[in-house]
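Which chain is which? The protein sequence lines are S and B, in order. Residue numbering for the first sequence follows numbering that gives the first Met the number 0, starting at 0 and increasing by one per position. Residue numbering for the second sequence follows numbering that gives the first Met the number 0, starting at 0 and increasing by one per position.
By construction, these hints were calculated from the structure, which means they are not laboratory data. Quick caveat, the model's predicted, so the values are computed rather than measured. Treat each hint with caution, since some may be false.
[As the list claims (entries may be wrong)] Going by beta-carbon spacing under 7 Å, a handful of chain S positions derived as facing chain B:
no., residue
1, 5
2, 45
3, 53
4, 253
[Unchecked claim] A few chain S residues that don't get close to chain B, going by computed Cβ distances all over 10 Å:
no., residue
5, 31
6, 56
7, 141
8, 196
9, 234
10, 324
11, 364
12, 371
13, 380
14, 389
15, 425
16, 429
[Stated by the list, open to error] Computed beta-carbon distance windows for the label pairs:
no., chain 1, residue 1, chain 2, residue 2, range
17, S, 170, B, 83, 28 to 38 Å
18, S, 367, B, 115, 51 to 61 Å
19, B, 119, S, 327, 47 to 57 Å
20, S, 230, B, 1, 27 to 37 Å
We treat Cβ as the ideally placed atom computed from N, Cα and C, and that holds for glycine.
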Amino acid sequence: MGDHVFGFRTRALHAGTPPDPATGARALPVYLSSSFVFDSTEHAAELFALRTYGNIYSRIGNPTVAAFEERIASLEGGIGSVAFGSGLAAQLSTVLALAQSGDHIVATASLYGGTVTQFTVTLKRMGIACTLVPPNADAVAAAIEPHTKLVFTETIGNPDGNVADIEALAAVAHAHGVPLVVDNTFATPVLCRPLEWGADIVTHSATKFLGGHGTVIAGVVVEKGTFPWGAGKHPLLSQPSPGYHDMNFAETFGEYAFLMRLRTEVLRDVGAALSPMNAFLVMQGIETLALRMPAHVANAMEIARFLRTRDEVAWVSYAGFEDSPYRALARKYLPDGAGSIFTFGLRGGRDAGRAFIEALELWSHLANVGDAKSLVIHPASTTHQQLTDEQMTAAGVKPEMIRLSVGLEDPADLRWDLENGLRAARAVAAALATA
Amino acid sequence: MILETVSQRRDLLARSRTVAMVGASPNPTRPSYFVFSYLRTKGRLKVAPINPAVSEIDGVKAYPSLEAYAAANGPPDIVDVFRKAADAPQVVSEAIAAEAKAIWFQYGVINDEAIRLAAEAGMDVVVDRCIKVESARFDGGLSTGGLNSGLITSRRT
Numbered sequence: 000m001g002d003h004v005f006g007f008r009t010r011a012l013h014a015g016t017p018p019d020p021a022t023g024a025r026a027l028p029v030y031l032s033s034s035f036v037f038d039s040t041e042h043a044a045e046l047f048a049l050r051t052y053g054n055i056y057s058r059i060g061n062p063t064v065a066a067f068e069e070r071i072a073s074l075e076g077g078i079g080s081v082a083f084g085s086g087l088a089a090q091l092s093t094v095l096a097l098a099q100s101g102d103h104i105v106a107t108a109s110l111y112g113g114t115v116t117q118f119t120v121t122l123k124r125m126g127i128a129c130t131l132v133p134p135n136a137d138a139v140a141a142a143i144e145p146h147t148k149l150v151f152t153e154t155i156g157n158p159d160g161n162v163a164d165i166e167a168l169a170a171v172a173h174a175h176g177v178p179l180v181v182d183n184t185f186a187t188p189v190l191c192r193p194l195e196w197g198a199d200i201v202t203h204s205a206t207k208f209l210g211g212h213g214t215v216i217a218g219v220v221v222e223k224g225t226f227p228w229g230a231g232k233h234p235l236l237s238q239p240s241p242g243y244h245d246m247n248f249a250e251t252f253g254e255y256a257f258l259m260r261l262r263t264e265v266l267r268d269v270g271a272a273l274s275p276m277n278a279f280l281v282m283q284g285i286e287t288l289a290l291r292m293p294a295h296v297a298n299a300m301e302i303a304r305f306l307r308t309r310d311e312v313a314w315v316s317y318a319g320f321e322d323s324p325y326r327a328l329a330r331k332y333l334p335d336g337a338g339s340i341f342t343f344g345l346r347g348g349r350d351a352g353r354a355f356i357e358a359l360e361l362w363s364h365l366a367n368v369g370d371a372k373s374l375v376i377h378p379a380s381t382t383h384q385q386l387t388d389e390q391m392t393a394a395g396v397k398p399e400m401i402r403l404s405v406g407l408e409d410p411a412d413l414r415w416d417l418e419n420g421l422r423a424a425r426a427v428a429a430a431l432a433t434a
Numbered sequence: 000m001i002l003e004t005v006s007q008r009r010d011l012l013a014r015s016r017t018v019a020m021v022g023a024s025p026n027p028t029r030p031s032y033f034v035f036s037y038l039r040t041k042g043r044l045k046v047a048p049i050n051p052a053v054s055e056i057d058g059v060k061a062y063p064s065l066e067a068y069a070a071a072n073g074p075p076d077i078v079d080v081f082r083k084a085a086d087a088p089q090v091v092s093e094a095i096a097a098e099a100k101a102i103w104f105q106y107g108v109i110n111d112e113a114i115r116l117a118a119e120a121g122m123d124v125v126v127d128r129c130i131k132v133e134s135a136r137f138d139g140g141l142s143t144g145g146l147n148s149g150l151i152t153s154r155r156t
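In isolation and in its complexed conformation, chain S is listed as follows (with noise of 0.2 Å):
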């Protein structure tokens, strides 16, 4: 244990478990324990006074889950994190330990349909409000107000693909006193780490590429342990909490204050808790994800160009293209690839979208993305559809885009498929041109 820095591909496997040191199982033990025994009634206070660490009951904190806190917060390059039921739960926690009824934020428009929606009809619900706004700096300075308490937009917009100028964005929310919360879903570690480029706060949906195989929902939210939190920006964390006992958290835990919070009284309250055996399989899924996302980049690159070849294919939208109009911010902060999420446009539209989904065999028509098998939907029916037309145009959804997830098959049978795919697309814009 000496100042040895290790790389990306050893924390993958290692970080957050050393061998278990009741039995030395090297594998994570599972800990399928809904409480722990305390050492004494004195452990008990200290522990429910959060004087020191340790388990008390798994809805608050688990040691499986502890571990896939540690390992991803080490990836990321934060000081620790806080693992969710799910993503959104990941999102809304994260709103919820810095914001309250009255306060407001600022997201980049092109978002998850399902944050489109809680941030703007949920987070409404509860006295906080949302501005969207196109994903560059001065359009987020713009809408920043005196209650905005943060800016949030994702490495990679689903399903537009726009890349997010970090480092611009965490200027202007750092001159405003905000922290900039960027979702890093698409990119994964291995192809971007935003708190590196001057974000504060960085959530998952680690059902995606972190777990990796389509198994489990499961969130986190990592933070970087550099933003003020003490300046008076956030009365949530250095104002006295009547949750615990008039304690200051930005006073008493300096750099954790606000995974102290979001832990100690978000999660907890909340209750959007981690299962420990969901935990297990994302940790499982971490251990290769420096070896899948090569590969699931490479499969996207070949599939996106195999498109563009393609007569039935209007455009196809891909950072990692060398004339995308993200070309520039993907080389900067996505030097790797720009993951394996993209989207194209069918001609004949709509109804050729449909024949094309029908006639693919391989591709798993399914709402998900990330998965080591490769994925298809049609977003405007299906995981943007509660959007107004308005939010749609504004998140970069069109009425032909088809969204890709790329997976780690044989690149030629994806190829042989997608050929299946494009037949019956063509069949039915040949049929809308004779009509």
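Using the hints provided, position chain B relative to the given structure of chain S.
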């Protein structure tokens, strides 16, 4: 010398047995109380408050000064400083007189003169760190809380 690496802090904590905490507060909402209480209940380090305003905290005898502490217990292995940065040089003078082996400046207690004086006197010096956090890094506490200990090992501890 100024201890800047993880292993230097781990070794300091491992070889130390006594901590004199200057500025320990009995107020349960104060950070110094959190640190005091953690060290006291963990029990590996024997911690004593240095605070002229109290006679004891949670049953642990307090001393009005480092001089009084050293007279009763001998030199402390670590003097842990919870005072404003401007007061740090005075604490260092008292720590030198008490023949403390190391001085630990908590978060925000950053005073260049105090650091220089302590290092010149041959003390081990830790700056802008929390002795609770660093203890928890090595005793597994941080990991239990989902916090990044930075430690990687395949040895059973």
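Practice prompt. Check each numbered hint from earlier against the structure, then list the numbers of those it violates in ascending order.
Written response: Structure breaks no hint.
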